[in-house]
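The listed protein sequences derive, respectively, from chains A and B.
Position in the first sequence (from 1) plus 833 gives the number in our numbering.
Position in the second sequence (from 1) plus 1 gives the number in our numbering.
Treat the hints with care, since some could be wrong.
Stated by the list, open to error - Covered stretches of chain B, going by a simulated chain A footprint (3 or more residues, C-beta under 8 Å): (1) 15-28; (2) 63-74.
Unchecked claim - Selected chain B positions facing chain A (Cβ under 10 Å, derived; list incomplete): (3) R32; (4) A48; (5) E83; (6) R85; (7) R86; (8) R137; (9) K161; (10) N162; (11) K169.
Said to hold, decoys possible - Computed footprint of chain A on chain B; a stretch qualifies when at least three of its residues, placed anywhere within it, have a C-beta under 8 Å from a C-beta of chain A: (12) 34-47; (13) 118-129.
It should be emphasised that the hints constitute simulated quantities derived from the structure, not laboratory data.
Note that beta-carbon positions come from the ideal geometry of N, C-alpha and C, so glycine has one too.
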Amino acid sequence: MNTPTHAGPCADYEHEIVELAEGSLSPERARAIRVHVESCARCRAWQSAFAALDAELGEALPRPALSADFAARLKSRLAVVTRTNGRADLRASADDEYRQTLDALRRGTKFSAIVGAMTVVGICTAGLLLARGVAPELAPLLAAFAGPERATAFVTLGSIVALGTLAWSATRGILPTLRLRA
Amino acid sequence: MDGGIEQHLAAGRHARAFDLVVPAYQVRVFRLAYSILKDRAAAEDAAQETFVRVWKALPGFDGRAALGTWIYAITRNTCLMELRRRRPTVSFDDPDSDEAYRAATSIATAPAEDPERDNLLRLVDTLPRTQQQAVRLFYLEDRSYEAVAEQLGMPLGTVKNLLHRARKRLMELARPAEVKAA
């Protein structure tokens, strides 16, 4: 059965016999093909065989239909995907927030340290110079900055100024702040 | 119908566009999947998966291709992935070859009750992969060459040639006696 024994139609008319069956030929060409087929046994047989095969394929090939609940199942599936995506988005957002916070902390800490150090140095220098020139009666107090206890005096003064600077920068929003979301 | 969808897409209303996409394309997506997978349940699963992918990708749809062309391309890719998943150990040189396709889809072909019909369906299964798909889709789509061309992503002329060769081969295999008598 699987041995091809089909002689086939005339090569010039093969495609047009199919088009004739499908009604896609122009009226003039359709008339010409009909005239040929009527006079050609091979083409007539082929036309007949083609029509029979076409009908058989139309009947034999399955024509499955979509399930009635296709759209409902799709909706349920999308709801699951949406929830999963929502959780993923929330997690990504939290990660992003965490990274931004760390960056802000790094940037803010460096900035505050620089501002604090410069302020401490500036205020201490200015304070010492001012005190020495303007208030000679503070000489005993200033002697602490020149005597053997000068390290302690400078550290104490520096700490007071540094704390003041930090408090000021925090009130101005220079220090990083944590933004907490629900 | 696509006009409304495209208006929603242009306005960024992707959810509303998707609500129109599903009823507009679900039958054709299912038929295309069936023509490739040859199994109703598998085709429905592939159609569902296709729409999930469409839903995810719709915000990125840039309109360079027609919406239908894009959706059918997603459908074909989804089906190819399913075929590869079914036969992951098939070691043909070309995983999309006709041999690999027959191996992946043979388990899905149920025997028909009518012997003649059963024989014709088996003959269709012997055709090369693209011819099989074109034949199934052509008769599912009420003999529309244009629908087959759009869904398989092929030029119209290519589809006509594929179908002509396929049906000619089936005539040679199924009706040799009749043709020989001519």
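Here is what the structure says about each hint:
Three residues within the 8 Å Cβ limit are the bar, and the segment 15-28 of chain B against chain A gives 4, so the coverage statement holds. With 0 residues bearing a CB less than 8 Å from a CB of chain A, the segment 63-74 of chain B misses the requirement of three and the coverage assertion fails. For R32 (chain B), the shortest C-beta to C-beta distance to chain A is roughly 8 Å, which falls under 10 Å, so the interface hint holds. Interface hint at A48 (chain B): satisfied, since its Cβ lies 7 Å from the closest Cβ of chain A, which is below the 10 Å cut-off.
Taking 10 Å as the C-beta cut-off, the interface hint given for E83 (chain B) is violated, the closest approach to chain A being about 16 Å. The beta carbon of R85 (chain B) is not positioned within 10 Å of any beta carbon in chain A (closest approach about 22 Å), and the interface hint is therefore violated. Using the Cβ-Cβ criterion of 10 Å, the hint placing R86 (chain B) at the interface with chain A is not satisfied: the shortest such distance is roughly 18 Å. Restraint check, R137 (chain B) versus chain A: the minimum CB separation of about 6 Å is within 10 Å; hint holds.
At about 8 Å, the closest approach between the beta carbon of K161 (chain B) and any beta carbon in chain A falls short of 10 Å, and the interface hint on this residue holds. For N162 (chain B), the interface hint holds, since its Cβ comes within 10 Å of a Cβ in chain A; the closest pair sits about 9 Å apart. For K169 (chain B), the interface hint holds, the least distance from its beta-carbon to any beta-carbon of chain A being 8 Å, beneath 10 Å. Note: the segment 34-47 of chain B has 4 residues with beta-carbon separation from chain A under 8 Å; the three-residue rule is met and the coverage holds.
With 4 residues carrying a beta carbon less than 8 Å from a beta carbon of chain A, the segment 118-129 of chain B meets the three-residue requirement, and the given coverage holds.
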